[in-house]
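Per my numbering, the very first residue in the sequence shown carries number 7; after that it's consecutive.
Calculated from the structure, these hints are not laboratory results.
One or more of the hints may lead you astray.
In silico SDA-like pairs for lysine to any residue, Cα to Cα no more than 20 Å straight-line [stated by the list, open to error]: (1) K170 <-> A196; (2) K170 <-> V193; (3) K170 <-> R140; (4) K170 <-> G197; (5) K170 <-> A216; (6) K170 <-> H186; (7) K170 <-> R256; (8) K170 <-> I147; (9) K170 <-> D144; (10) K170 <-> A211; (11) K170 <-> R151; (12) K170 <-> A150; (13) K170 <-> A189; (14) K170 <-> G194; (15) K170 <-> H152; (16) K170 <-> A192; (17) K170 <-> P143; (18) K170 <-> V156; (19) K170 <-> D208; (20) K170 <-> P207; (21) K170 <-> R148.
Restraint-style ranges between C-beta atoms, simulated for each label pair [claimed, not checked]: (22) L88 <-> L230: 40 to 48 Å; (23) A196 <-> G135: 20 to 28 Å; (24) A288 <-> E185: 16 to 24 Å; (25) T12 <-> R32: 49 to 57 Å; (26) A196 <-> A123: 20 to 28 Å; (27) E125 <-> L269: 23 to 31 Å; (28) A196 <-> T287: 40 to 48 Å; (29) P134 <-> R224: 31 to 39 Å; (30) E111 <-> T12: 29 to 37 Å; (31) G243 <-> G194: 28 to 36 Å; (32) G223 <-> E13: 39 to 47 Å.
If you're wondering where the values come from, they're calculated on a predicted model, not measured in any experiment.
Beta carbons are placed, not taken as given, at the ideal position from N, Cα and C, and that holds for glycine.
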Amino acid sequence: MITPFTEEGALDLDGARRLAAHLVERGCDGLVLSGTTGESPTTTDEEKARLVTAVREAVGDRAALVAGVGTSDTRHTVELALAAAEAGADGVLVVTPYYSRPPQEAVAAHFLEVADASELPVMLYDIPGRTGTRIAPDTVIRLARHPRIVAVKDCSYDFLGTQKVLARTELAYYAGCDEHLLALYAVGAAGCVSTIANAVPDRVAAVLDAFDAGDTGRATALQLALTPLTEAVMEAGLPGTVTAKALLNRLGLPAGPVRAPLLPAGRETADELLALYEALTAGRPPAWAGTGAGGG
7 MITPFTEEGA LDLDGARRLA AHLVERGCDG LVLSGTTGES PTTTDEEKAR LVTAVREAVG
67 DRAALVAGVG TSDTRHTVEL ALAAAEAGAD GVLVVTPYYS RPPQEAVAAH FLEVADASEL
127 PVMLYDIPGR TGTRIAPDTV IRLARHPRIV AVKDCSYDFL GTQKVLARTE LAYYAGCDEH
187 LLALYAVGAA GCVSTIANAV PDRVAAVLDA FDAGDTGRAT ALQLALTPLT EAVMEAGLPG
247 TVTAKALLNR LGLPAGPVRA PLLPAGRETA DELLALYEAL TAGRPPAWAG TGAGGG
């Protein structure tokens, strides 16, 4: 879930409550707070905890809440994990330590220390394009032995490695990239942590529902129908946080600005995103994305 801010850049807790309720009412059975799309690097520890508390007030037990607590500092990550539990989270999302580029033994030690200290289940977050370091499949398999390490958000773009882990562990795997939703679900993933679901939660849920019902043809068609919007949000030359917020603002949903160092999307980008959204929800064949979505 994106993190709503006021026009002045303050945390918008009322907006967060309204957006969380909207997403749950339209098919989300879980919400990840303070992840990449939630601008976790630019929110304070206090803001992260207040966000969890506010969203819990809004959704009650209708959705599981996973709080992003990952940092490049193991001790700080432990502190955030404990604070998330106190604030009302059901689990914590822990990203690979970034910038310092630790070797795999150190990566494993980081996750194990957090899991040992945490009161909540841990979801590993493998996103090497941002952190600079993989959680190697063999490392994930080793970490799966810890009783509190129960899930993975996978943005590795390594289908072979993912299938290796799925075959050898009981971890709940979640596609972290919208374009991989159906492909990973078909080989045993548990679902997705989606960026475009901020705008079209029901459309994302429909892909999984169709597959669960045995209608793989419909699931495929629904996944492909999402492709233009996915491309515009995720491959436009702008961070997905920026494009997702631009679309939500156009839809009148709580979002607000992004925080520096990010900059807002331009009007042309927002116009294209809205046009793709309207084509998708109206069932019209859209103009293909990627021909200027980053030009605003």
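Is 49 to 57 Å a correct range for the gap between the Cβ atoms of T12 and R32?
-> Taking Cβ atoms as reference, T12 and R32 lie about 24 Å apart, which means the hint is violated.
Confirm or reject the claim that A196 and T287 have a C-beta distance inside 40 to 48 Å.
-> violated, 26 Å
Between K170 and P207, is the straight-line Cα distance small enough, at 20 Å or below?
-> violated, 29 Å
Quickly compare the C-alpha distance for K170 and G197 to 20 Å and report which way the hint goes.
-> Since the Cα atoms of K170 and G197 sit roughly 17 Å apart, the hinted pair holds (cutoff 20 Å).
If you check the beta carbons of L88 and L230, does the distance land in 40 to 48 Å?
-> holds, 43 Å
Range hint compliance [Cβ, G243 to G194, 28 to 36 Å] = holds, 33 Å
Within 20 Å, alpha carbon to alpha carbon, are K170 and G194?
-> holds, 11 Å
Taking only the CA atoms, is the gap from K170 to R140 under or equal to 20 Å?
-> holds, 15 Å
Given pair status - V156, K170, alpha carbons within 20 Å | holds, 16 Å
Honestly, do A196 and G135 meet the 20 to 28 Å range at C-beta?
-> holds, 22 Å
Is the straight-line distance between the alpha-carbon of K170 and that of A216 20 Å or less?
-> Roughly 26 Å between the alpha carbons, so the hint for K170 and A216 is violated.
Using the beta carbons of P134 and R224, state whether their distance is inside 31 to 39 Å or not.
-> This hint holds: roughly 33 Å between Cβ atoms.
Going through the hint list in order, the structure does not satisfy hints 5, 7, 10, 19, 20, 25, 27, 28 and 30.
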